[in-house]
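Peer 1: Sequence:
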Amino acid sequence: MKERKRRKLEIFAETHTKEPDVSVSEQTDDKDKDMSCQTVIDGNYLRAMDSEINALRQENETLRKNCEKNDRMFSPKDFEDNDEKVKNLTGLATFALLMILFNYLEPFLQNMDVLDKFRCLVLTLMRLRLNLSVLFLSYDFDISKASVSRIYSSVIDVMYLRMICSLARPRVITVDNANAVSKKLLPYIVLK
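Reading the sequence shown from the start, the letters are residues 1 to 192 in the UniProt record's numbering.
I should point out that these hints are in silico values taken from the structure, not numbers from a laboratory.
Simulated pairs of lysine to aspartate or glutamate, DMTMM-like, Cα-Cα distance not exceeding 20 Å:
(1) Lys-145 / Asp-116
(2) Lys-8 / Asp-42
(3) Lys-5 / Asp-50
(4) Lys-2 / Glu-59
(5) Lys-117 / Asp-78
(6) Lys-117 / Asp-157
(7) Lys-145 / Asp-113
(8) Lys-77 / Glu-106
(9) Lys-8 / Glu-52
(10) Lys-117 / Glu-80
(11) Lys-145 / Asp-157
(12) Lys-77 / Asp-140
(13) Lys-65 / Asp-78
Build out the structure end to end from the sequences listed, making use of the hints.
Peer 2: See below:
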């Protein structure tokens, strides 16, 4: 931005150091008056404007690349075909499992202005898996600390309500159906 202001000042200084040639001709008839005005634009002014246009195009291209990079960061495309990254950042084994979880929770996640639903879920899973601070996540996702806290609380609530509360815990498991139960549920088994 400072560079652009500097270039504008240079162009202004170059073009306003010389008085432009202005010619005015008047025709004095009672009914009609004809007036014309002509300014001379020299080659220096055109070259300065051309360099300004080129500089703005370069700045536009740089900003476009940064936007594409930020749009790709923590998006599904960023995790696709990289199960190691999924496991290290979210704690889930594969990208397919991450997408299953997202597709299950997505209808219940709130629309946030600062992040899309997938990034909200990834932010929450990263905080759970890596115990990252709110400050770090705010820098990493380029949002405020308050937004990180709000997103985290919202997604945690949805995960709890949709995943934990929806699981039907067996009240009594008999020996007959205990073989079908995984070893994790063995403390719930009651023998008749």
